[in-house]
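Enquirer: Turn these sequences into a full structure, and let the hints steer you where they fit.
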Amino acid sequence: MTPSSSIASPGAAPAHDEHHDHPNYLVDGTTIKSWLLTVDHKRIGLMFLFWVLLFFLVGGIFAMLIRLELLTPGPTIMDAMTYNRTFTLHGLVMIFLFMIPAIPAVFGNFMLPLMLGAKDVAFPRLNLLSLYIYLGGAMLALWGMLNGGLDTGWTFYAPYSTHTTTTVAPVLFGAFIIGFSSIVTGINFIVTVHTMRAPGITWFKMPLFVWAIYATSCIQVLATPVIGLLLVLVTVENLFGFGMFDPARGGDPVLFQHLFWFYSHPAVYIMVLPAFGVMSEIVASFSRKNIFGYRAVAYSSLGIAFVGFFAWGHHMFVSGQSTFVGGLFGVLTMLVGVFTAIKVFNWVGTVYKGAVDFKTPFAYFCGFLFFTVFGGMTGIALGTVSLDVPWHDTYFVVAHFHFIMVGATIMAFLAALHYWFPKMFGRTYHEGWGLVSAALIILGFNATFIPQFLLGNNGMPRRYYEYPERFQALNVASTAGASLLAFGFVIIACYLTYALFYGRAAGKNPWRSKGYEWLTESPPPTHNFVGPQPTYPEEPHFYVDPKKAEVPDAV
Amino acid sequence: MSELLNNILFLPEAASTFAERVDMLHHFVVGTTMVMSAGVGLAALFMFFRYRRRLPAQATEYVVPTLKTEFLFVSVPLVFFLAWFGIGFRDFTWVTTPPKDAMDVYVMGKQWMWKFAYPEGPNGVNVLHVPANRPVRLLITSRDVLHSFYVPAFRIKQDALPGRYTQIWFEATKPGTYQVLCTEYCGLSHSKMLAEVVVLPQEEYDVWIKDQRRGRLQDRQDALADTSLVPPVARMVEQGQVLAGSEGCLKCHSVDGSKHIGPTFLGMFDRVEKLDDGQDIRVDEAYITQSMMDPGAHLVAGYQNVMPTYQGKLQGPETAAIVEYIKSLRTPNVREGASEGPAYDAIQ
Amino acid sequence: MQSSASTADGTVAPVPRLAMHFASLEVQNHAARLGMWLFLATEILLFAGLFICYGCYRFLFPEAWAASSRSLDLTMGTVNTIVLITSSLTAALAVHYAKEGKNRMVAIQIFLTLLMAVGFLVIKYFEYSHKFHIGTLPGRYYFYEGIQLPGAPMYFTVYFCATALHGLHVIIGMVVLTFSMVRALRRADFGPNNYTMVELGSMYWHLVDLVWIFLFPMLYLV
Amino acid sequence: MAIANESRQEAHNMEEHHGAGRYWLIWGVLLVLTLVTVITGRMHLPSFGLVLALVIATVKGTLVTLYFMHLIDHRGANRLVFSVSILFVLLMLAVPLLDLGTRFRGSNPPGSQYSDLQPPDIGANVKEGRFGGGVRSHGSHEQSEGH
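As given, the protein sequences belong to chains A, B, C and D, one line each in that order.
21 is the number of the first residue of the first sequence in my numbering; add one for each residue after it.
492 is the number of the first residue of the second sequence in my numbering; add one for each residue after it.
303 is the number of the first residue of the third sequence in my numbering; add one for each residue after it.
238 is the number of the first residue of the fourth sequence in my numbering; add one for each residue after it.
A portion of the hints provided could be inaccurate.
Stated by the list, open to error - With beta-carbon atoms standing in for the labels, derived distance ranges:
id: 1; chain 1: D; residue 1: H249; chain 2: A; residue 2: L322; range: 25 to 31 Å
id: 2; chain 1: C; residue 1: F434; chain 2: A; residue 2: A189; range: 21 to 27 Å
id: 3; chain 1: C; residue 1: Y430; chain 2: D; residue 2: H281; range: 20 to 26 Å
id: 4; chain 1: A; residue 1: L77; chain 2: B; residue 2: L563; range: 41 to 47 Å
id: 5; chain 1: C; residue 1: V484; chain 2: D; residue 2: H249; range: 57 to 63 Å
id: 6; chain 1: D; residue 1: L327; chain 2: A; residue 2: P488; range: 31 to 37 Å
id: 7; chain 1: B; residue 1: V689; chain 2: A; residue 2: G156; range: 51 to 57 Å
id: 8; chain 1: A; residue 1: L91; chain 2: B; residue 2: M525; range: 46 to 52 Å
id: 9; chain 1: A; residue 1: Y522; chain 2: C; residue 2: T480; range: 51 to 57 Å
id: 10; chain 1: C; residue 1: T480; chain 2: D; residue 2: H249; range: 55 to 61 Å
id: 11; chain 1: B; residue 1: E694; chain 2: A; residue 2: F344; range: 37 to 43 Å
id: 12; chain 1: A; residue 1: Q492; chain 2: B; residue 2: T588; range: 52 to 58 Å
id: 13; chain 1: D; residue 1: H281; chain 2: B; residue 2: V689; range: 53 to 59 Å
id: 14; chain 1: B; residue 1: I499; chain 2: D; residue 2: L327; range: 16 to 22 Å
In case anyone wonders, no lab produced these hints; they're calculated from the structure.
All residues carry an ideal CB built from backbone N, CA and C; glycine is no exception.
Expert: And the structure:
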């Protein structure tokens with residue numbers, strides 16, 4: 021069980037063990053091939069980061085086009101067909117190519133083995149395969165988008181999606197392939213958590229980020245196959261017309277929605293649970309406190325993962341679903357809300373008697389708290405069945421899911437990027453610019469989506485190319501906010517790129533954090549640990565003065 | 492107070508009984524959310540300041556919540572959420588369960604327009620007239636893809652499913668004109684699929700509908716254009732039976748299988764008949780309709796050409812109703828025939 | 303699964319090589335099995351989508367379902383079930399012999415499994431061609447006059463989707479097993495400590511069998 | 238260190254070598270059950286026929302997973318994974334069924350046992366068309382009124 025005994029086996033990493041200086045993973049092998057064929061989880065994580073950011077840019081451009089088009093009630097910069105395709109592609113790119121892999125595949129990949137004291141994930145080659153499956157699917161989907169693009173909305177509801185003349189098949193099949201990438205990553209992480217924990221790391225000493233990624237992976241493994249099947253059925257239906265969901269042949273379009281949301285509702289938690297995990301790390305690290313109610317937060321991750329599976333019908337209150345089933349889904353939705361509330365209270369509780377250092381990641385934590393509370397509460401409001409009747413498919417829903425799914429996740433993504441930037445690249449960024457851009461992004465995000473809440477209240481349906489003139493003022497406000505948001509991202513791109521090349525050397529642990537991932541070098545060497553593997557006698561984020569420390573038996 | 496809140500929240504005018512209920516819950520939810528979020532937010536801000544870092548590597552106390560705190564964290568939100576849900580679900584059940592005395596209107600979504608039909612006529616496109624202070628049940632269907640019928644002022648919304656019906660009801664409280672929007676993405680001109688609900692006081696409504704029904708008789712063309720909006724079969728069969736009596740069909744055609752001046756209606760539909768010119772014909776809607784309009788075109792062997800034409804005497808929907816009635820008289824061993832009920836169209 | 307089944311290239315190793323990032327061989331095998339179970343769970347949920355379509359439409363159209371299922375050839379279905387169960391037996395025996403290091407027997411058992419898999423597909427082909435002939439086809443392709451109940455074409459939509467997806471899994475399973483067979487013949491290095499590859503391949507094959515065990519009564523015996 | 242113990246336990250269980258006889262026995266039981274289900278299936282039992290068939294299938298499936306797939310030798314996570322996936326399938330099936338059974342009848346597919354509406358033509362015996370009988374016959378209906 022000692023690390024030396026396992027390193028002794030020859031062959032897997034022929035050259036590296038001879039080095040005595042243990043180069044960090046960034047410079048250990050500089051050829052293109054050493055990157056493209058690497059099985060190192062850190063390099064794979066970085067490659068994911070590159071692609072995910074690229075697709076975020078693509079999705080962001082689509083978003084700006086949508087906002088520009090909606091500046092005026094009539095046609096502004098594009099025709100209706102282009103607009104319909106644009107919002108569909110915005111949704112598909114952002115969800116399947118950005119949000120779902122964003123935190124798990126980038127930071128999960130990078131941090132999970134480090135936090136577990138492991139040398140790599142359980143199946144390193146599958147990990148690389150997952151990257152290439154993702155890219156393969158993305159290329160197919162992009163090819164479909166350039167060759168016509170589909171106009172169904174990302175929900176591709178039957179029977180519209182099975183009959184539209186736009187290019188449905190390649191895009192949906194691309195999404196199907198990306199699903200495999202998601203499944204492979206999920207399996208890999210679950211097995212890693214089960215089998216690769218270093219001695220001393222018991223289940224309830226795992227960092228909360230690991231708990232969150234674990235819960236996310238469970239969802240990925242259990243839900244993704246269902247959407248995979250559905251994507252294939254819709255593609256087949258679109259090409260051959262078997263009539264599975266065709267109302268003319270006794271098919272039930274509502275059944276399609278059941279199957280669709282069985283994946284797509286848990287998918288929301290695939291996007292947001294890792295964000296919760298990141299924030300648990302950051303709030304503990306920057307207030308130098310153990311997490312208040314560690315077990316409650318860990319269990320609530322699993323609770324959200326489980327109950328979240330059975331709340332899907334709240335997307336279908338007005339779809340013709342039965343009233344009784346609507347009520348059932350309503351209650352379960354409330355339970356998801358309770359789990360989220362537990363987390364929020366515990367994060368705030370963590371600060372109690374802490375020592376808060378208001379750095380950029382903590383600024384994002386504040387934004388995150390705001391978006392989670394309001395995104396979550398509007399979600400609860402939408403779940404109270406009768407309120408959903410006027411709100412369903414209006415801009416209120418759009419604003420709600422951008423708050424919780426995008427707001428919270430983007431906050432966590434940026435926070436993670438800043439918090440772990442020294443870990444990943446060994447350099448630091450400019451703190452002042454960091455705070456300025458954080459403020460801009462939080463402000464811009466609110467300015468974009470608060471008007472959309474009001475638009476929804478006022479009755480503007482989503483996916484509208486033209487709209488009655490009474491909605492214009494709020495739409496202009498939203499577009500203005502979106503510009504601010506975009507500007508914030510440009511600043512981040514500038515100073516982080518600068519820091520990547522010219523930033524100050526960070527040292528091993530610039531935040532003086534006691535998260536497990538900081539026990540190794542920054543950036544870490546190829547197999548994460550040099551010499552004897554660190555031991556883990558303390559729980560993560562244990563900041564008690566060693567002189568006074570009685571190892572607590574609580575928690 | 493509620494007026495002010497509605498303005499702050501940009502809520503449109505509330506013009507139905509359901510809207511009042513929804514707004515009440517809305518205010519309750521928004522109010523509690525704001526108060527509690529402000530509480531949490533202020534507590535957080537206070538602590539960020541109070542517990543700011545004083546030393547770079549400051550040590551802190553090890554704090555864990557007591558069981559009581561944890562219980563509070565779970566129970567307070569749970570109680571509120573369940574209370575909201577209780578109210579919300581009560582209202583939802585209310586709006587999906589139409590009262591018995593509700594007036595029926597058939598609504599059909601079609602790319603990209605709304606058609607409305609009253610059981611006894613008239614039919615209309617994109618404008619729905621309803622009386623104020625009377626429950627109206629909407630039976631919503633679609634001819635092509637999913638649509639969703641949304642009236643912001645009434646706070647109601649219901650998806651239209653192709654080839655089947657969904658229902659929702661409302662009782663408008665204020666006369667006026669309210670916008671109808673489609674909220675389920677349905678293709679190119681989804682955003683242009685707008686319509687209006689005109690709420691009239693009961694007396695004006697009565698006058699309006701009387702005018703419409705009279706006018707409709709004169710304007711056959713319009714009626715023909717709207718036959719695509721067929722009420723459900725059962726209702727049509729009833730109408731057909733009444734019409735068959737009042738228009739004199741039953742003087743020559745029996746419904747019990749006995750032979751009279753004309754062939755019996757019983758089991759007629761979908762039967763293969765021998766014509767007087769020796770050909771076979773399957774009795775379908777087309778043939779029945781043709782026989783009403785031009786009775787001599789294809790005579791069944793053994794009958795005289797004595798039937799008067801009903802061309803111009805019957806409206807399109809009336810013809811359809813009689814056809815439905817004849818279809819309902821099929822003998823059980825005849826196979827289930829071609830479709831009726833809510834029709835379903837191709838999307839091109 | 304691939305990574306765990308890896309060995310050092312070229313040389314015949316009596317015990318499988320431990321990948322450097324695992325703590326011990328036990329853990330490595332445990333990880334491989336857990337990974338496989340998770341993968342099988344995803345397969346179960348993949349089929350679950352079709353089972354749900356089946357369940358819902360069966361619930362809506364019970365008569366059409368009964369009538370349509372009677373139009374299938376029960377004899378062929380039963381034979382196919384027996385073939386698949388027997389192939390599962392041989393796959394299990396392959397693992398058994400792999401543990402004992404009898405590589406020749408492993409190859410023979412897997413070969414028998416593959417043979418039965420081919421037999422299964424051939425029988426399926428005959429069933430399909432019969433359906434193409436009489437017109438019990440999905441959705442708009444349906445032209446069979448024997449059953450005129452609403453929902454009958456839907457039955458055949460579900461039938462074809464489910465059996466086609468299952469057939470695809472049979473083919474994938476055959477490919478996986480072929481790899482194990484080739485290795486048992488070429489390298490002959492399966493033994494008490496090194497049988498994970500056969501075990502995982504056989505687990506996949508059992509899943510294919512498992513799905514059919516449920517599809518058979520659902521499709522043929524309603 | 239719980240997990241390492243689990244790995245070791247599983248390795249230990251897997252090492253324990255049973256004779257091949259166990260597999261043959263299970264195979265025999267599976268064949269018998271197949272015959273039973275075919276025979277009972279042919280009797281077309283009115284209400285519980287499908288239920289019985291599924292119960293037999295479940296027994297067969299359990300035997301395959303426990304003995305052929307060695308789940309009986311595995312512990313902890315493997316069992317959990319498998320049972321959770323089965324649980325999810327069941328719950329996922331139950332909810333749409335509940336929905337279909339309790340919906341407004343008019344919203345169910347016409348022609349089904351939970352709908353009062355007339356079914357669309359299922360498309361047999363007519364020229365093939367993408368949109369089938371429903372539309373075609375409706376079209377002729379409208380034409381005929383144009384006389």
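Enquirer: If you check the beta carbons of F434(C) and A189(A), does the distance land in 21 to 27 Å?
Expert: holds, 24 Å
Enquirer: Given the hint of 52 to 58 Å, check if Q492(A) and T588(B) actually sit that far apart at their C-beta atoms.
Expert: Cβ of Q492(A) to Cβ of T588(B): about 38 Å, so the range 52 to 58 Å is violated.
Enquirer: Within 51 to 57 Å or not, the Cβ separation of V689(B) and G156(A)?
Expert: holds, 55 Å
Enquirer: Given the hint of 20 to 26 Å, check if Y430(C) and H281(D) actually sit that far apart at their C-beta atoms.
Expert: With Cβ atoms ~25 Å apart, the hint holds.
Enquirer: At the C-beta level, are L77(A) and L563(B) separated by a distance inside 41 to 47 Å?
Expert: holds, 44 Å
Enquirer: Hint says 46 to 52 Å; check whether the CB-CB distance for L91(A) and M525(B) agrees.
Expert: violated, 30 Å
Enquirer: Using the Cβ atoms, figure out if E694(B) sits within 37 to 43 Å of F344(A).
Expert: Given range 37 to 43 Å: holds, Cβ gap about 40 Å.
Enquirer: Evaluate the given range 51 to 57 Å for the C-beta pair formed by Y522(A) and T480(C).
Expert: holds, 55 Å
Enquirer: Holds or violated: 16 to 22 Å for the Cβ distance of I499(B) and L327(D)?
Expert: Distance hint for I499(B), L327(D) is violated at roughly 47 Å.
Enquirer: Please check whether V484(C) and H249(D) have a Cβ separation lying inside 57 to 63 Å.
Expert: violated, 31 Å
Enquirer: Taking the CB of L327(D) and the CB of P488(A), does the distance hold inside 31 to 37 Å?
Expert: Violated - the Cβ-Cβ distance for L327(D) and P488(A), about 47 Å, lies outside 31 to 37 Å.
Enquirer: Per the hint of 53 to 59 Å, is the separation of the Cβ atoms of H281(D) and V689(B) within bounds?
Expert: holds, 57 Å
Hints 5, 6, 8, 10, 12, 14 from the list above are not met by this structure, while the remaining hints are.
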